[in-house]
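Enquirer: Here's the letter readout for the chains.
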Amino acid sequence: MADIINVGFIGNPNCGKTTLFNAFTGANLKVANWPGVTVEKKEGKARYEGQEFKLIDLPGIYSLSSYTMEETVSRECIMSDDVDVIVDVIDASSLERNLYLTLQLLELGKPVVLALNMMDIVEERGMEIDLHRLPEMLGTPAIPVSARKKTGLSILLHAIAHHKEYNAQGPFIHHHEGMKSSHRHNHHEEYAMVYEDYIEDKIDMIITALTKEYPETRNKRWHAIKLLEKDKTVTDAYPLSLDVVIDRSYEKDIINQKYDFIEEIISEVLVNKSAKEASTEKIDHYMTDKWLGLPIFLCIMALVFFLTFTIGDWLKGYFEIALEVFSGAVSGFLASIHTNAMLTSLIVDGIISGVGGILTFLPNIFILFLALAILEDSGYMARVAFVMDDIMSKLGLSGRAFLPLLLGFGCTVPAVMASRALEHKKDRFKTILVTPFMSCSARLPIYVLFSSMFFGKYAMLVCYSMYLLGIIMAIGTAYVLSKIDGSRADHALLIELPEYKSPNAHTIAIYVWQKIKDYLTKAGTVIFIASIIMWGILNFGPHGYVTDISKSFGSMIGKAVIPLFKPAGLGYWQIIVALIAGIAAKEVVVSSCSVLFGIQNITTKRGMDAMVATLSGLGFGAANAYALMTFCLLYIPCTATIATIHRELKSWKYTCGILLYQLLTAWIVSFLVYHIALLF
Amino acid sequence: MTLKQGKNNGKYQVISIEAELKLERRLEALGLTEGTLVTILNNDKKGSLTAKFRGTRFALGKRIADHILVKEADM
Numbered sequence: 236m237a238d239i240i241n242v243g244f245i246g247n248p249n250c251g252k253t254t255l256f257n258a259f260t261g262a263n264l265k266v267a268n269w270p271g272v273t274v275e276k277k278e279g280k281a282r283y284e285g286q287e288f289k290l291i292d293l294p295g296i297y298s299l300s301s302y303t304m305e306e307t308v309s310r311e312c313i314m315s316d317d318v319d320v321i322v323d324v325i326d327a328s329s330l331e332r333n334l335y336l337t338l339q340l341l342e343l344g345k346p347v348v349l350a351l352n353m354m355d356i357v358e359e360r361g362m363e364i365d366l367h368r369l370p371e372m373l374g375t376p377a378i379p380v381s382a383r384k385k386t387g388l389s390i391l392l393h394a395i396a397h398h399k400e401y402n403a404q405g406p407f408i409h410h411h412e413g414m415k416s417s418h419r420h421n422h423h424e425e426y427a428m429v430y431e432d433y434i435e436d437k438i439d440m441i442i443t444a445l446t447k448e449y450p451e452t453r454n455k456r457w458h459a460i461k462l463l464e465k466d467k468t469v470t471d472a473y474p475l476s477l478d479v480v481i482d483r484s485y486e487k488d489i490i491n492q493k494y495d496f497i498e499e500i501i502s503e504v505l506v507n508k509s510a511k512e513a514s515t516e517k518i519d520h521y522m523t524d525k526w527l528g529l530p531i532f533l534c535i536m537a538l539v540f541f542l543t544f545t546i547g548d549w550l551k552g553y554f555e556i557a558l559e560v561f562s563g564a565v566s567g568f569l570a571s572i573h574t575n576a577m578l579t580s581l582i583v584d585g586i587i588s589g590v591g592g593i594l595t596f597l598p599n600i601f602i603l604f605l606a607l608a609i610l611e612d613s614g615y616m617a618r619v620a621f622v623m624d625d626i627m628s629k630l631g632l633s634g635r636a637f638l639p640l641l642l643g644f645g646c647t648v649p650a651v652m653a654s655r656a657l658e659h660k661k662d663r664f665k666t667i668l669v670t671p672f673m674s675c676s677a678r679l680p681i682y683v684l685f686s687s688m689f690f691g692k693y694a695m696l697v698c699y700s701m702y703l704l705g706i707i708m709a710i711g712t713a714y715v716l717s718k719i720d721g722s723r724a725d726h727a728l729l730i731e732l733p734e735y736k737s738p739n740a741h742t743i744a745i746y747v748w749q750k751i752k753d754y755l756t757k758a759g760t761v762i763f764i765a766s767i768i769m770w771g772i773l774n775f776g777p778h779g780y781v782t783d784i785s786k787s788f789g790s791m792i793g794k795a796v797i798p799l800f801k802p803a804g805l806g807y808w809q810i811i812v813a814l815i816a817g818i819a820a821k822e823v824v825v826s827s828c829s830v831l832f833g834i835q836n837i838t839t840k841r842g843m844d845a846m847v848a849t850l851s852g853l854g855f856g857a858a859n860a861y862a863l864m865t866f867c868l869l870y871i872p873c874t875a876t877i878a879t880i881h882r883e884l885k886s887w888k889y890t891c892g893i894l895l896y897q898l899l900t901a902w903i904v905s906f907l908v909y910h911i912a913l914l915f
Numbered sequence: 003m004t005l006k007q008g009k010n011n012g013k014y015q016v017i018s019i020e021a022e023l024k025l026e027r028r029l030e031a032l033g034l035t036e037g038t039l040v041t042i043l044n045n046d047k048k049g050s051l052t053a054k055f056r057g058t059r060f061a062l063g064k065r066i067a068d069h070i071l072v073k074e075a076d077m
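Those protein sequence lines, which keep their order, are chains A and B. When you read off a place in the first sequence, starting at 1, and then add 235, the result is the number in the numbering used here. When you read off a place in the second sequence, starting at 1, and then add 2, the result is the number in the numbering used here.
Warning: the hint list may mix true and false statements.
Capping the alpha-carbon separation at 27 Å, the derived lysine-lysine pairs in DSSO-like fashion look like this [claimed, not checked]: (1) B:Lys9 - A:Lys661; (2) B:Lys48 - A:Lys718; (3) B:Lys24 - A:Lys384; (4) A:Lys525 - B:Lys54; (5) A:Lys455 - A:Lys467; (6) A:Lys718 - B:Lys73; (7) B:Lys24 - A:Lys493; (8) A:Lys493 - B:Lys47; (9) A:Lys525 - B:Lys9.
Hints were generated in silico from the structure; no laboratory data involved.
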């Protein structure tokens, strides 16, 4: 028993597989309701009575065919020597659907242990599963577990250890009462899943051929079945000239006969079927209602936003105070040890204000993802896809794309991260492309400042118009793109609506921690570097370190590109430098303006008056202000967003393409807006 | 008739699936094949509908629902 047992966890999406895996390993794995999220192989370790187990978490799949990436990955992993024992995690509350994969797994000829999850839901519905008959019919142990309550975990490990040995002694012999096969081999003594005679005859013939041509093949029965299904991978690997036997694909026959057998199992194993109407159906009656569905969703999202920006901003206030105190303490300390001005400036103005400024958003991010994790884990998110499908498909996007767009009003970083929920790469790209057009909260200070400076009592209206313009640009872009790439609304939504359940604290904690860690590490490193670069550009000139920004490289760059920005009404080097600085974070545009124009407390009445006077002196009027706001709305998002986009798309080519598109859009729209505004 | 033409809470049996191979395969993997019994849960909207088959609820887009031919199942 000294050897490590390699265990592969496999199961349908939404079966609680990852929660179970987490319960064993405590690994930081994300639990989600869409397939493909664990497409990378995740591993963990567990110990039980001196026996060590290596656990592998495989993607959630419905079938072992090889039509999707997830299926191929799972199949290859499970058939390789990496896996000694397969743990098939089953959502006991939807046994019928889950058993299909089980039957496929059993055919692989490896030891399979069933982990029956969600037995509490089965009980709640007044149903019972015959835990004696089920293993008898399938010839494999079935252990009731609760991933959420962490019960049955040791028993499962015990079963894994024993079943591994058991299998070494030979196949699990079982017998089906009342199932008579006229086939000359009574396969019912060997296999759980036995097909009708015409299929079994063919399987036998193929096995004979396989034995002759490829004597080394392990588990010939499985290969024979796959050949009969005309499975591409297996057919290519084992070419046989058996056109007479495999005269067509028998896949449908095989699928249907598996489901026939499942029906038989269900009728014997499931007691008191559908005794109660599932509460899920009652909830869905309202959640997916034609009229109520959308308002309910909007109310839920409004609540999420309210929490994110009230509680989040309240906490953010404390973060800002802490940051100021910290920044002050560091300057004091640096002064006390007589650090030179340049280094102090780098540390305090560059790094601490840059990275710290981003850290102050942590409370918003935390609350937003906490709320989203609860919605996701409860099973509601899949309904959102259904509710929004019709509206979004008009824009050539999937229903799921609505959420990232909505989140974009809060912060583009989590919004882009949320696009991960989209199944198709093309959808994800389009969503990521348009999400930054939604006015994030960091852009609001810019709108507020410039609209109150130049538009007086219409300031609020001007602010709103920015939000509206962003939405129009996003919708327009999505619409035009869908026209260009010809992907008309494909209306091919296909998503499981899982059982509603109370969210699991452990799962949510892991989910939120994953997001926070992502935000802190990856975005943090980029912002750290960007802060240093920005500081360098604004504090160094041709003659080295400068304290006067107008002699810095930043102002030189700004002055050099004035001709480019002039047509859009933005031909002022200070504005251009502020915009460049704004790439670090959009709020920086405001603070940079105060530094660049040498105006203190720019957000106060006196500060604004001074600013208006200065700007008017330069010929910068209301039309320029509106063009500037428009440009800020549409141009390159902040570094954190750029880093996130790159992480999600994993391609600099696409990331740069998106940035270029946004820059061009910003310029063109600002140009139009500026010239139209000049007419008034 | 197609599944899209079905009524709420109606039980239907799939006669055939007239979709491209890839989609048909996806549906097969979910257990939606010829002969499968489908209960429509919510078909109020113009587009997608929700239905239950093989013990699980699904949301199906309009195009999918339009291409599944069904007949009313005998209760």
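Enquirer: Work down the list of hints and note, for each, if the structure agrees.
Expert: Cross-check of the supplied hints:
Proposed proximity of Lys9 of chain B and Lys661 of chain A is contradicted: the alpha carbons are some 34 Å apart, above 27 Å. Simply put, Lys48 of chain B and Lys718 of chain A have alpha-carbon atoms about 22 Å apart, close enough for the 27 Å limit, and the pair holds. Taken as a hint, the Lys24 of chain B and Lys384 of chain A pair is broken in the structure, with Cα atoms around 39 Å apart against an allowance of 27 Å. Between Lys525 of chain A and Lys54 of chain B, the direct Cα distance comes to roughly 18 Å. Compliance with the 27 Å bound is thereby established for this hinted pair.
With a CA separation close to 16 Å, the supplied pair Lys455 of chain A and Lys467 of chain A stays within the 27 Å bound. At roughly 36 Å between alpha-carbon atoms, Lys718 of chain A and Lys73 of chain B are farther apart than 27 Å, so this suggested pair is violated. As the CA atoms of Lys24 of chain B and Lys493 of chain A are separated by approximately 21 Å, the hinted pair is consistent with the 27 Å bound. At roughly 34 Å between alpha-carbon atoms, Lys493 of chain A and Lys47 of chain B are farther apart than 27 Å, so this suggested pair is violated.
Taking the CA atoms of Lys525 of chain A and Lys9 of chain B, the gap is about 14 Å. The hint holds against a cut of 27 Å.
Violated hints, in rising order: 1, 3, 6 and 8; the structure is consistent with all others.
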